[in-house]
Structure formats: structure tokens, C-alpha cells
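Chemist: Now for the letters of each chain:
There are 2 protein chains.
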Amino acid sequence: MKDRNIRIGIVGFGIIGTGVVKMLLDKVGMLADRTGYRFELARVADIDTMRDRGVRLGPSVLTRNMNVILEDSSIDIAVELMGGIHPAKEFLVQAMERGKSVVTANKALLAGHGAELFRTAERKGVHIGFEASVGGGIPIINAITSGLVANRFLSISAIINGTSNYILSRMTQGGGEFADVLAEAKAHGYAEADPSFDVDGIDAAHKLVILLVLAYRGAVSMDDIHVEGIRGITQLDISFADELGYVIKHLAIAKSEGRDVSARVHPAMVAKGTIISMINDVYNGIHVVGDAVGSQLFVGKGAGMMPTASAVMSDIVAMAKKISEKGVSQPKHNIFTDKKALKIIPIGRITTRYYLRFTVLDRPGVLARIARVLGAHDISIESVIQKARSAEEFVPIVVMTHAAAEASLVRALKIIDRLEVVKEKTQFIRIEEEVL
Amino acid sequence: MKDRNIRIGIVGFGIIGTGVVKMLLDKVGMLADRTGYRFELARVADIDTMRDRGVRLGPSVLTRNMNVILEDSSIDIAVELMGGIHPAKEFLVQAMERGKSVVTANKALLAGHGAELFRTAERKGVHIGFEASVGGGIPIINAITSGLVANRFLSISAIINGTSNYILSRMTQGGGEFADVLAEAKAHGYAEADPSFDVDGIDAAHKLVILLVLAYRGAVSMDDIHVEGIRGITQLDISFADELGYVIKHLAIAKSEGRDVSARVHPAMVAKGTIISMINDVYNGIHVVGDAVGSQLFVGKGAGMMPTASAVMSDIVAMAKKISEKGVSQPKHNIFTDKKALKIIPIGRITTRYYLRFTVLDRPGVLARIARVLGAHDISIESVIQKARSAEEFVPIVVMTHAAAEASLVRALKIIDRLEVVKEKTQFIRIEEEVL
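Going down the list, the sequences are from chains A and B. Quick note: the first sequence, position 133, residue 172 per this note's numbering, numbers continuous. Quick note: the second sequence, position 173, residue 212 per this note's numbering, numbers continuous.
What the hints contain is simulated information worked out from the structure, not anything from laboratory work. Hints may contain errors.
One copy or any two copies: either way a pair holds, since identical chains are not told apart in the list.
As the list claims (entries may be wrong) - As a list, the in silico DSS-like pairs of lysine-lysine whose alpha-carbon atoms are at most 27 Å apart:
1. K360 x K163
2. K360 x K61
3. K361 x K163
4. K66 x K294
5. K311 x K382
6. K163 x K128
7. K464 x K453
8. K66 x K378
9. K462 x K128
10. K379 x K128
11. K361 x K382
12. K66 x K379
13. K378 x K163
14. K361 x K311
15. K426 x K464
In this text the structure is predicted, and so the values were computed from the model without any measurement.
Here chain A stands alone, though its shape is the one from the complex:
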């Protein structure tokens, strides 16, 4: 059978765009063999048409004007890889309005405007592929929506920001304090010039919104998610964690809590000897617990040119198949919806174990005072590390608690942090046990 031609237009010729262009040029034969489609790179649009990306495009392919893609009715699939909200959103909406299926890796856009994009797709009978938006090359979107479709999701706990994981891994391997390792990560290209999206947890929260929508099928907004980054993690915490048998990871967590869901992004301690504790550097690890399938873990490179391009390509192939089926009446299921909001419980209502690090004057009776406040708030102590350091005026006292309600803990710490013997805001890190 003759291969069917599928014409691709790409906007955004940055790192990921270059990877996709490379694959489309290098792998046209392999993809035709495997899929029966011959993918043609019709157009690539970018404001920078001069920079050498190490790939050779025909003179008519590269353009500064993304409207060229929108207006070319021979283009079947429009791929958005420019990032940001505007004009990425307008490009995708207009491409769909003109009957094109689209592919995007834009997690910020999906997290903020997913419902609107999917409404347009549904109205126009086109499709949106977004496998590359979470977990780089890991086919996690497809796993949750297809492979695990018959599961109720009990929890998802995931390392889904490569920059944060790289920094925490290096800090754990003795690479220094946060600021030093961040500088090193920038030098290696593992962190952006402005790293806030990554190290403050925003990027992970965007991805968590997408996972929540897919797993729990309801509307979620970024405002629903409690987000903490990794700037507050110190070598002192990392070495106490080690002493206690834990490793600090930056996790995005979603959990079924009765009919509701908790959703949060923050540093967490995971036990040494778990697989999650060993996922280091730029690797991502997504742990999913389904009611039928039990624990599953997906590990792979969460970012980078070729891993992410691999996911974009899988979407392009999937869109090609969907395009072939165009016009067939089939049940639709709009993934991002704003019809039913997912009920996400506030962070104060979660219950978990905590690591607490108090910075106190090295005087008798201090631990007793702290313990009294914790006890009065129903927080029971599992273990304590207190080391006299005679040379220093302030010493750390570390307390591991049994499971406690976060709201109670926050109230207790407010009181403790006002004690005159307490010299710094108390550090607290949640312990995550729902890991593999």
C-alpha cells in the first residue's frame, strides 16, 4: 500500500524544535516502515531564521512568519514548540480552527488553558497531542490515558522537574549548598538563566495539573496546588536526612483522599533503598498506584532535545492515525474539561510524617519546651537528634514526628518559632512513604 503523506508545520525552532526537525529528516524511512505514513516537514517558523542549528532545511521551509503554517491548508499537523502562553495559545487555537490537529509540549499553556484548547479541538473535530508536556520522553500521558485506563488512581508521586532533581542530587552527592550547585547547573546548561520556574516548583506544578486532569478527570487550576521549591533545602537537612535513612527529593504528589484529591509540590524525604531515592540527575521518575495494577514506576530522561523530541514524534504519529480516521463518528472524550471541578483538599488537611529542624540556643530544657508545644497539638515524636555543639551558640534539634495533621503542625510551629530560645524559622520537610 502506498504510504500516506502527512505534512508537518512546526513553530519554535529552539532546542526541542531542532530535535523534532532532525528526527523528521533522518527517520522518514523508518517511520514510513513502522507506521505507513510518510512525514513531510513542510514549514518551520521561528523569529530567528539565521542561527545555525546543525540541520539543513530547504530554502522554502524556514520562515519568520507562523501564519504561513496556519494558512497552508496542505499542512495536516501543526506543532507548537515555542513555549510561553502568547502567542502559543493563539497559534494552537487558530491551527485547530483551520482544521489542523496539533501537537504541543507546552505544560504551562495546558495547565492554564487546557480546557479552552480542548473545547476548540472538540468543536472542530481535531486532536491535541501533548505527550511531551510531562516527563520528556517517558510515555506517561499515554500510560495514564490508555495503558492504565481501567484503574482508579490511588496516588501519583513523581520527580518531574529535571533541574530540581539535578540540583538536589548534586547537593546530596556533596556538591555544596543550593546557590553553589545552582550556579554549576547553569554552567552545565541544566538550569536556565532565570531558574525560578524550575527551582520554585512552578514547572512541576504545571505538570502535576496535567497528570491530575488525566488521572482524576476534573478541572484543576494552578491555584489549587500547594507549591514549594527547593531553595530552602540546606546541606544540614541533607546530612540529617542521610543520618535518619532518607534522601530529599522534589516531588509532585497527587493522592485520592476519599472522594477528593490532595495535590502538592514540595521537597520530601523518601527512604533510602527505595527506587525513587535513586533517581538522580536529569532523570524523572513517575510512580503511579492504580487500584488494579498496583505500583508502577516510569523512569527516563525528563528533558533534553532528543528525549523530548521523541515524545513529540510519538504524538505526530498518533495524530496521523487520528487524521486518517477523520470523519468517523466515534465517542469523544474531552480530556481537559471545565465542566466538573476536581475537589482538591487544602494542604492544611493532609496528614503525614514530618522532619522538623529547630535552631535553638544550646540550653537545658529547650527540647522539653518544644516537645510540650508539639504534644499540645497532638503531634507525637518518633525520634530526636540533639547534638551538643559547645563551640556554637545555636544548635539544631531534629525531630521526626509520627503522622500528624498539617494544620496542627503549622499552628505548633508558629508558637515554637516565637519562643525566645528559637533563633530561626523552623525547617519542616514532609516524609513521603507512597513510593516504590
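Using the hints, position chain B against chain A.
Modeler: Just chain B now, kept in the frame of chain A:
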């Protein structure tokens, strides 16, 4: 939009069949919400209609006669969960001949007769789902065929037999020699009464054939695959491995070797500290290296009622979608083909590092004689463990080699094993470094 009804017939009401029946009965509403299809359990056929499986079926559902499913033209999808070659194959072929799409978890059947089944499917324009055939609930079939479709596969190294992994894990945790742990595994239901398929590597080889076909797109026969089981692994090997920094796992391995592929199933040493070394008990772990995506690892329960049923259900949903598209002209790509044979290199042509355990008389000069034979065959020694054990007549000498050609090694061991100071056939275990 009204949900479309999809009628399911299942043959084989054993463990997996019961899991699928449970999910179809319990989750009809959730699945309709998520997919737009209302799945109806039309018929379940099994020779045993009396046993209580803890699920309630209407009186007209259960039958002893699988022809009832074949002859019911209202049944859209026929699910084969009886296992074995006959009559599973005839059932699937006849179901497809009658225009039904089919789902099977039968790896032995696919490994031996996949091409024939897929020819029938292509001729009749129907589809075959087989996600449950490898890795239990892990969506690895879909990952390789869709998520990673744009990758050339450099290697696959996988723990894909839960029974073998359970036994080796227990042995490593100090549970005793193979025979004892096998008896314990049988008592716990982790090994069959006749465990040969699992502990001799046949089941893993069936699954490797399927992975090879998907990843390398050529015909593969069981005869192409070098298969070793775990019966020969002893506590002595496990403790030497531990001393050397390794764990013994039973792996199925496929590797690109230029234009050809190597394919083998055998015990292998993997370094401690790797994730693969930590995948224990009934968990499976499938490590895939793609040219674009790099290393990816999928971990989950590789067997059991509900994990496997979860995979079968994902196929049922996928088949429902394909059925909706029926009649649309679209490129076909026949996954199992017998048109082009995959060229698999013989085991003698692989090159890897080896652990060798010689059982020798405790006399001066023995190691020198062994080393001389190895050297004469271009096998260079990386390290040696030799411990004098005065009380025993025979002592082990352990040699770790640098990378060596397997054919040379086999020739060298043949000579060494004929030396009068060597008292047992030399144990050799390959070292696998292509792991995460």
C-alpha cells in the same frame, strides 16, 4: 452523546479471566465516563462452570461452549485467556474470521504463531490486542509501538518473569538454595506445580520474542534465542556476586549489534546500586534504550490477577476505539510478520564480561594453569578471588574477566574443565552493564 455499546466474550475463566470479569462488572460506569463506551460482558466460556470465583454472572452469561462466543454476531471483542496453543489459536483465528477483534494475553501463542494470527487479522480487517502478554500491567507493548515509535532500539534488558525474580530475590535475601526457595514459592502460589516454563526461561523467552518483533520489526523464532534458566544458580554464586558488588538477576536481553540483533535469556550479574538490581519479588522491570530517548525503565507487577486484567482491559478499550473506526481506509502495519526474518546472531558471537567460578583441588599452581588457558584464548582477567579453605578438598576460585568473546570462553572452559585439578563443570555468569 449516547455511549456506544461494546459486547465482550471471554474464553478462559481462570485467574486473569476472573480479574477481567470483575473489572467489567465493577467499572462499567467509570469506563463509560472515561472512554465513551459501555462495555457489556456478553459471554464467559470455561470448561469449569461450577467453581465459585467470587463474582456473580447472569445465568445466560457462563457457558462451557466457546463456540457460543464465536457464533454470537453481537459480540464485538473476543478475549482469549485460556492459555496454551490449542485450542486458543483456533479460537482466535475463528473469532477473527467472523469479523471480531480479539484480545489475548497468550505469550506462548504469539511467540510461536504471531505471524499467522496477524495475517488473519490483516486479511479480515480486525485487530489483535496483546498488552497483557508482556510485563503484566506494565503498558510496555504500547510504549514500544507508540510512545517510543520514533526510536531505533539499541537494547532491551528486562526482568520479565516474576517467578524467577521472586526465587532469585529470596535466594539473595538469604532464603536458601534454589530447591528450597522454589518449594516456598510454590507454597505461596508464586510458582506453578510444574515451574519449568518460568524457572527454565521459556516464558521469558516467549516475551522476548514479542519484544523483539515489536522493537526490531522482523520475524523471530524461539529457536533463535539462547535460553538459560536459574536452576544452576547457587548461594555460593550469590555470595561471591555480593562480594564483587553485583546482584544476580534473570534477564531477557536484546541488543542491536550493527545491522543484526543479539537475543538471549539467562541469569546475569548487574551492579549493586543500579535500579534493575533493586527490582525484587514479583516485580518486573523493563529497561529500554532508544537512540533518541535514551534509557527508560518501566517497573510494575508482572503477573497476578488484577495487574494483568488491567492490561487486558486497556486492550479492550483500545479495540473498542479501533472497531469504531472500522471501514476507514488507513495504512496498515502488520506487527508480526514472517516476510522479513530478523537476523539474530548466535550466542557464541556475543562479547561480554564474565564471572567464572572454578571448583578445583586446593593445590599450588592451579590458578596459574587456569589463567594460562584463559590467556591462550584471549580472555583477560580483571580480578580473582581465591580463598584457601584448608578443611575442604575442593575450593572455589572466582575470576572476573574483561570483555571476551563467548565462543572463545566456551572453548577455554572446555579445556579447563578437563584438567584433572578441576572437579566440577565451571560456572559462568554473564555480566550485564546495559542497565539503569
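Chemist: Taking the hints in turn, state whether each one holds.
Modeler: Consistency of the hints with the structure:
1. Proximity of K360 to K163 under the C-alpha cut-off of 27 Å is found in both arrangements, the shortest distances being 17 Å within a copy and 19 Å between copies.
2. Taking the closest pair of Cα atoms, K360 and K61 come within 27 Å of each other only inside a single copy of the chain (22 Å); across copies the shortest separation is 32 Å, beyond that limit.
3. Proximity of K361 and K163 under a CA criterion of 27 Å is satisfied in both settings, with 13 Å inside one chain copy and 21 Å between copies.
4. When the C-alpha separation of K66 and K294 is checked against a cutoff of 27 Å, the pair qualifies only between copies, where the shortest distance is 20 Å, while the shortest distance within a copy is 40 Å.
5. Taking identical chains as interchangeable, the C-alpha atoms of K311 and K382 are never at most 27 Å apart, the minima being 33 Å within one chain and 43 Å between chains.
6. For the identical chains of this complex, K163 and K128 are intra-copy neighbours only, at 16 Å inside a copy versus 43 Å across copies, given an alpha-carbon limit of 27 Å.
7. In the homo-oligomer, the alpha carbons of K464 and K453 lie at most 27 Å apart inside one protomer (9 Å), although the nearest pairing across protomers, at 70 Å, exceeds that limit.
8. In this assembly of identical chains, the alpha carbons of K66 and K378 lie at most 27 Å apart only when taken from different copies (22 Å versus 41 Å within one copy).
9. In this homomeric assembly, K462 and K128 never come within 27 Å of each other (Cα to Cα): the closest approach is 48 Å inside a single copy and 74 Å across copies.
10. Taking CA atoms no more than 27 Å apart as the test, K379 paired with K128 passes inside one copy only; the shortest distance there is 23 Å, against 45 Å between copies.
11. Taking the closest pair of Cα atoms, K361 and K382 never come within 27 Å of each other, the shortest separation being 32 Å inside a single copy and 33 Å across copies.
12. In this assembly of identical chains, the alpha carbons of K66 and K379 lie at most 27 Å apart only when taken from different copies (20 Å versus 42 Å within one copy).
13. Taking CA atoms no more than 27 Å apart as the test, K378 paired with K163 passes inside one copy only; the shortest distance there is 19 Å, against 41 Å between copies.
14. In the homo-oligomer, the alpha carbons of K361 and K311 never lie at most 27 Å apart, since the shortest distance is 44 Å inside one protomer and 44 Å across protomers.
15. Taking the shortest alpha-carbon separations for K426 and K464, only the intra-copy value of 19 Å comes in at or below 27 Å, while the best inter-copy value is 57 Å.
Hint compliance for this structure: hints 5, 9, 11 and 14 are not met, and every other hint is.
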